[in-house]
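A.B. asks: If you're matching them up, the sequences are chains A and B in order.
Be aware that the first sequence starts at 1309, since it is given in this note's numbering, and climbs by one per residue.
Be aware that the second sequence starts at 1309, since it is given in this note's numbering, and climbs by one per residue.
Errors might be hidden in some of the hints.
Chain copies aren't distinguished; within one or between two, either way the pair holds.
Said to hold, decoys possible - Each computed DMTMM-like pair below joins lysine to aspartate or glutamate, with the alpha-carbon atoms no more than 25 Å apart: (1) K1653 with D1451; (2) K1478 with E1323; (3) K1572 with E1420; (4) K1653 with D1464; (5) K1572 with D1464; (6) K1572 with D1318; (7) K1478 with E1698; (8) K1478 with E1365; (9) K1572 with E1594; (10) K1653 with E1567.
Please keep in mind that the hints were generated in silico from the structure rather than gathered at the bench.
All values reported here derive from a predicted model rather than from experimental measurement.
There are 2 protein chains.
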Amino acid sequence: VRGAGVHLYDVEGREYLDVYNNVPHVGHTHPHVVAAIQRQVATLVTHTRYLHAGILEYAERLTASLPAPLDTCLFVNSGSEANDVAWRLARSATGGNTGGLVFEHAYHGITEAVAALTPSGGRPRDPRVVTLGLPAAQLRAGDTMSDAALRASARDAEQALETLAARGLKPAACYIDSGLTSSGILDPPPAWTATWAGPVRRAGALIVGDEVQYGLGRSGSHFWGFERRGLVPDIVTLGKPVGNGYPMGVVIAPRALVEAFQAKYGFFSTFGGNPVAAAAALAVLEVLGREQLMANARATGEYLTARLLALLPRHPVLESVRGVGLMIGVSVRAHGELPAPRVAKFMVNHMAAQSRVLIGTEGAHGEVLKLRPPMPFGSAHADRLVAAIEAAADALGAL
Amino acid sequence: VRGAGVHLYDVEGREYLDVYNNVPHVGHTHPHVVAAIQRQVATLVTHTRYLHAGILEYAERLTASLPAPLDTCLFVNSGSEANDVAWRLARSATGGNTGGLVFEHAYHGITEAVAALTPSGGRPRDPRVVTLGLPAAQLRAGDTMSDAALRASARDAEQALETLAARGLKPAACYIDSGLTSSGILDPPPAWTATWAGPVRRAGALIVGDEVQYGLGRSGSHFWGFERRGLVPDIVTLGKPVGNGYPMGVVIAPRALVEAFQAKYGFFSTFGGNPVAAAAALAVLEVLGREQLMANARATGEYLTARLLALLPRHPVLESVRGVGLMIGVSVRAHGELPAPRVAKFMVNHMAAQSRVLIGTEGAHGEVLKLRPPMPFGSAHADRLVAAIEAAADALGAL
């Protein structure tokens, strides 16, 4: 019934530590964002057929943080709409190509077009979409990949492209959530990116950087997740955290690409880029800067990772720690009769009920604990989280 | 830069009469809706994975206003997302059928799937979609259609279905914006509906009632536009006015249909149905009731229509008055060298610049003046609007 900072409160006033929600990026009901929304909603809510200073200022601030060719914004209402428009842009830019490439277990949204780009059980339902294999889960920042592993990854990409070609399809776009979140929270080095980005681009596809999960500093090391991957996408999409909960999505692409699309289709979103969305999103950027939340994500992420790694020897059910910043995964092992996904589910429920700590799961079968809190998450919160994980692991041992 | 009730204000403080915007349904910055948003945004913004009383209350209030089988809601962020989900629901319910039927010049949104259901220049770009012909523009409430006209309409629907079948396609859904807004603002009698709804349903397609434009009392005679058409759709979609500008869309369908879809796809929208959306949408329903805005739409619509009809003999450039309630169209004729769409554009611009009255255009070529104000539009506003139309027609005569 109530949220503040990294905490949620139920109807009986009990406090929960929120290690699940990335939408309230700068914290639940952050006063600066709340005030910006309250002020604008009482002043004007209209659309981008009327010029408004707020959306211009936001577009300028946002594109200034992106690589130069990414200079033009289209505003929509969710990450799904952003990925859907990116798909239409890529199809338009490639002369109508219909093939799509995504990573195994990726999630890109809920419209018909992007649901097709969201493989379930690892395999896409739509024959126009093929998957690229994942990097090894144990890779961590600074790790290098062997030449053999890099060659295997490049070969996998070539094979995916051949599969499309064998079906008579040319590729329009390759999507990557740079946090590889729903694929299990992976953090491969830039050398990995080159293995698939090269072949994909040579085949004519555009690369869509889906920053819905990993953008706005979550990695702690880079403001944009694609920078951490050593990649400059052709199109970037934003969603969840961009308005701290105000429904909003953004597509950023080179001006020529957007103008060609507009000339053909006259794209317009009724709510997209309205003055309240602009005020909310601008306030999010301001808070990120003022409160140095990316630096906080790095510091807390390092502290939390060290504490989690120290748990592994004591709790054999905890297998590995993945990710960086405030996007951390802990994969679990099977325990007795319980397969790994059931272990993860037991721990999630135990942590919520006994420790009032909210987390989720990710990975192919839900075997990875997902730790993805609002950005003001500090070391004291990390301590509470680690204690809750230990308590859940202990409870599992006592079953 | 500012809006209040049926007025907008520019950066120099000049007041404009808004006869264009239907998104601020109960009026720009309505205090009751603003307060509801301000309160909730400072309390909690989360998602429907956590139960919240607000969205339950809204869903109950909304479904209570709909025919009994329409008892289950899916919440999304725009009319486009709502129509996209309705398409996925219809495909799922028909076992994967891929054919679509829409009316000529219809508009249903911007995702890839619904852009395909949005014909441009009268003809769809996607071969999986065929169009149904429009009823005669001069039909008004209470008018009857001749048996010959009804037979022709039924034959047209049969032919559209045969076209799909000849392409090897079975129909999944037929969409109707019950205001036939972008088709030119038409108001055919219920007998017309039966001519196409029967054949379409016998062919196995679901009927999607797109209430994005016409729902929530705009016709003045019925709360839902499909009631005015004598139709009970299989799925209903809401968008633009539902949150008075807060980004929101709703899909309402029978429970069994939604549950089968959920079992297969596990549909979830991050922002859809969040507590702020629920608070905004509930406040809209409350204001509609308290301020009797549907009755106002009927009264103002009747007054405005009578005044517009009285203009026709004096201004030959004005051809006909269409529609009902606060969804009124005035088709214009060519004038000298200017074809009708240029006449309409001249009048829109003249009215904005000289009279500070904002309207738009609709119809196949933009030859219909679109009068679609917020719902608190009264007879004094109608007088100002009529004076502005006369001034524009006079200016055209003096060219």
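A.B. asks: Indicate, hint by hint, whether the structure satisfies it.
C.D. replies: Here is how each hint holds up against the structure:
1. K1653 with D1451: For K1653 and D1451, the Cα distance exceeds 25 Å both inside one copy (30 Å) and across copies (63 Å).
2. K1478 with E1323: neither (52 Å within a copy, 53 Å between copies)
3. K1572 with E1420: For K1572 and E1420, both the intra-copy (21 Å) and inter-copy (14 Å) Cα distances are at most 25 Å.
4. K1653 with D1464: neither (32 Å within a copy, 56 Å between copies)
5. K1572 with D1464: Neither, since 35 Å and 30 Å both go past 25 Å.
6. K1572 with D1318: neither (49 Å within a copy, 31 Å between copies)
7. K1478 with E1698: neither (50 Å within a copy, 56 Å between copies)
8. K1478 with E1365: Classified as neither; 38 Å inside a copy, 48 Å across copies.
9. K1572 with E1594: neither (36 Å within a copy, 41 Å between copies)
10. K1653 with E1567: Classified as between; 23 Å across copies, 47 Å inside a copy.
Against the hints set out earlier in the document, violations occur for numbers 1, 2, 4, 5, 6, 7, 8, 9.
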